[in-house]
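Enquirer: Chains as they are written, first to last, in our numbering: chain A, 1 to 250; chain B, 1 to 371.
Mixed in with the good hints, there may be bad ones.
[To be verified] Here chain B is said to cover these stretches of chain A; the calculated rule only asks that three of the stretch's residues, wherever they fall, bring their Cβ under 8 Å from a Cβ of chain B: (1) 72–78; (2) 90–98; (3) 115–127.
[As the list claims (entries may be wrong)] Under the rule of at most 30 Å between Cα atoms (straight-line distance), these lysine-lysine pairs were calculated in the DSS-like manner: (4) Lys108/A to Lys274/B; (5) Lys182/A to Lys179/B; (6) Lys168/A to Lys182/A; (7) Lys181/B to Lys274/B; (8) Lys52/A to Lys35/B; (9) Lys274/B to Lys75/A; (10) Lys52/A to Lys181/B; (11) Lys179/B to Lys75/A; (12) Lys35/B to Lys54/A; (13) Lys179/B to Lys54/A; (14) Lys75/A to Lys108/A; (15) Lys168/A to Lys181/B; (16) Lys35/B to Lys108/A; (17) Lys179/B to Lys274/B.
Worth flagging that the hints you see were computed from the coordinates, not collected in a lab.
Using N, Cα and C, we set each Cβ at its ideal position, and we do this for glycine too.
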Amino acid sequence: MLEVQNLGFDYGTREILRGIDFGVLPGEVMVVLGPNGVGKSTLLRCINSILKPKRGLVMVQGENLHTLARDEVAKRLGYVAQRSETGRLTAFDAILLGRKPRIGWSVKARDREIVEETVNALGLEDLALRYIDQLSGGELQKVAIARALVQEPELILLDEPTSNLDLKNQVDILDTIRGIAKAQGISVVLTMHDINMALRYADSFLIIRNGGIYARGGPEIITPEVIETVYGLPVMVESFNGFRLVIPIS
Amino acid sequence: MDLTKTAGMNKANESGAKLGGDTVSSAYSRYIGRKFTFIFLSILLLILLFLHSIAVGAANVSITDVARVLLGEDLGNSNTIIWQIRLPRALTAIVAGVGLSVAGVSLQSILRNPLGSPYTLGISHAAAFGAAFSVIVLGSGTMRSTGADAIMLNNPYLTTAVAFLFSMLTTFILLAIAKYKGASPEVMILTGVALSSLFTAGTMFLQYFADDVQLAAVVFWTFGDVGRADWGDLAIISAVVIPSLLYFYLNCWNYNAIDAGDETAKGLGVDVEKIRLWGMLAASLVTAFIVAFLGVIGFVGLVCPHISRRFVGDDQRFLLPASCLVGGILLLASDTAARMMMAPHVLPVAILTAFMGAPLFLYLLVRGYRH
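Just chain B, same shape as in the assembly:
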């Protein structure tokens, strides 16, 4: 936006922000307006995509029927398909997309690192190892050999608790290394590489001692898939994602301050260490729950914040909600595509997000990352 000084500028300034014309304030209002427009359009897109994803599938249901069923009409078969299968799946995709994306955007801010995300930092792998450990060693899940429900979590609390424990362990290692070596992108990502290798090795170790039914189940299960969540799982994931979202949004000014540098933030009254610790905890918690129920879904937490930054900039007041929306849209769109592209086979969505995310990750590296 090019602001030109006008002759009337000084006069306008005397009466402050309320006057029209090309004052700084009115230009700023237009600039903010554009961000609201992006957020509004994203909401609209998400709603349309949501309806579309419920309508398409092995049995096509028309959009009008979808609307009628959602509004409470009984259309027999369509009811079962929509309420039992497609609705929980679509909502899980949205909630998981939102959760991973908000974890990514807050990690990027807290660690002041553009490559931060639950996946690149190894938090997802740690959670996956924890969940696998809980299922195989502690017996918190029952395994079947095939199908989307390869593992039934008969003790979701134990599974998520162990997943959370390991993701927290990773978080503390990351925080300690950030404190002693500085949170430069290189150091953090290399730490993430080391930690993900470690936990992947751990998961492989568990697999080695599993029998073939268990092995098949665990391998299948490590492909992140939103289709395995039922209403109960969705409720548990939402119970973590929604409060975390509120927590992150309430702290958006703190994150903006931290983005300006630790010293500046402290000078503005922000308790940087506390915000950083709580933010890491919340991001790990969200990741642990999503991974424990759905498996590892990579790159959503990295890609969505960066797409959002392109449109709304780095101001957390807008970046957080925009990332959430883009996260919901991206994972829902990916899952819908994963269901449709090889129908009647349903691909796990994580395969698709990895195909999309890896090139973007490389692009960010080549182009020179910038916070």
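Chain A with its partners taken away, still in its complex shape:
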């Protein structure tokens, strides 16, 4: 499980994040919401030590991540960046890359087994031996998620995993992510913009405004007042066939 205490980050003298406190349980899916440029991606980068936070602590299973070497962090945290570069590399090899923190000199049978299990679990058999520069956006995103999974992490961070995807692929990816969290007890933190999709898939929410936490909690915190304050847009929050929906009022 993840525990973030009083995390803060500055770019130069500009304060980006301050006083960020939250926890995520095993198997919990948390969505970080907030307007563009509020520091959601920065928060994810601070959690996995890509950026060094100026203040605060990030603990995974009681260990302070910032005292660990990079590859030790990578054994505990999977990170799916917003953009993956492609090339003439098969999807299988691209996923195998996730074993990097655990591969010493050569790939062992165990590494290949884990990759194959993950390929099967995510239904990627058909594209395992295709070059990733021939994959669609959704397929590539699944490969990136598979890569994070074979790291055997306790926590996975995803930076806008559904941006640039069509509706079907968004549902597909979020189903996959939620399925993994529940089946393997992995904590998941992701950023996204689509509040309705977030309401459908998240267990909990962290809403950031002006660099600090504006609200955190379950779906009940998504109210017209909160959304209007954070995004500056009047909305209705309605229930339809059991789904909660945020509808902008123009």
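Chain B: place on chain A using the hints.
Expert: This is chain B only, laid out in the frame that chain A set:
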């Protein structure tokens, strides 16, 4: 490779990668096998070419005699020809080809730029300027007017040190520009154009103040030629190329990670900045040594990685060794051709590699480069 789901798939999966049949794992093994085959065939080709290049020349020696001499038999004249002339020349071609190629493939990965190579980025020109500066101004070499040994490096350490200094200067400029402007292919290549023009101008400036013997020597010397290295030079070049090769290969997973994007690489525990800096340093070092001893040999570092990518893809575990082999093969074949095509005149190999490399460079530009 088209993978079809079979009915037995799930059962096979339960017992993992060891079962036969068309599982992902067995298909993957076949795919990896093809890469090993390419590498094996390349080794074979390199050996055959090596023997051939030693056998042909002004005095033809039969392949069997070559083998006998290499195995230690004394065949008089053939011994001298082989041990003193052809063997160091062939080995230098291989080592230089390997070195330039591995520098190119690692630069392409580090800068995530398909047009990266010591030549296109201006590192070779900077090293050439440094070496010329050292020879003309610091007097680290003695010049004669003609012949393959136009310049004798009587202080190879000073010459290579100055060559390295200037190639490092170029490297840091490239790194700084990559950091502030982004390492897009256009920006990097234009930087390379600017830097090569600058250093070419510098070399011309030195030439302007040289006397005619020096001028002839420097002009002749700037044509890259593997024939000017003796055993001692070869040993020094190898002493840099071989450890660099090991360094690059030990980092092949890091390069694969960087190929996937900086953020992904960092998420996988790779210290991207450190790997990038050390990789640039190693590539510059290799280039500086090769250029200081042999002159500028262009395009090998660009062409060989791309030929290899066609066969083994972008996976650095295979791309690095394949590029090395293709580099050795290409430069040795070019040098052999350069020796034979206008015999008894021996062309500097750099003229030939430029003839081959330039069209490929244009092809890459037109076809749309892809990493």
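Enquirer: Each hint should be assessed against the structure and marked as holding or not.
Expert: Hints, one by one, checked against the model:
no.	hint	verdict
1	72–78	holds (count 6)
2	90–98	holds (count 6)
3	115–127	holds (count 6)
4	Lys108/A to Lys274/B	holds (27 Å)
5	Lys182/A to Lys179/B	violated (41 Å)
6	Lys168/A to Lys182/A	holds (21 Å)
7	Lys181/B to Lys274/B	holds (19 Å)
8	Lys52/A to Lys35/B	violated (40 Å)
9	Lys274/B to Lys75/A	holds (20 Å)
10	Lys52/A to Lys181/B	holds (23 Å)
11	Lys179/B to Lys75/A	holds (28 Å)
12	Lys35/B to Lys54/A	violated (47 Å)
13	Lys179/B to Lys54/A	holds (23 Å)
14	Lys75/A to Lys108/A	holds (17 Å)
15	Lys168/A to Lys181/B	violated (37 Å)
16	Lys35/B to Lys108/A	holds (18 Å)
17	Lys179/B to Lys274/B	holds (13 Å)
Checked against the numbered hints listed earlier, the structure breaks hints 5, 8, 12 and 15; every other hint is satisfied.
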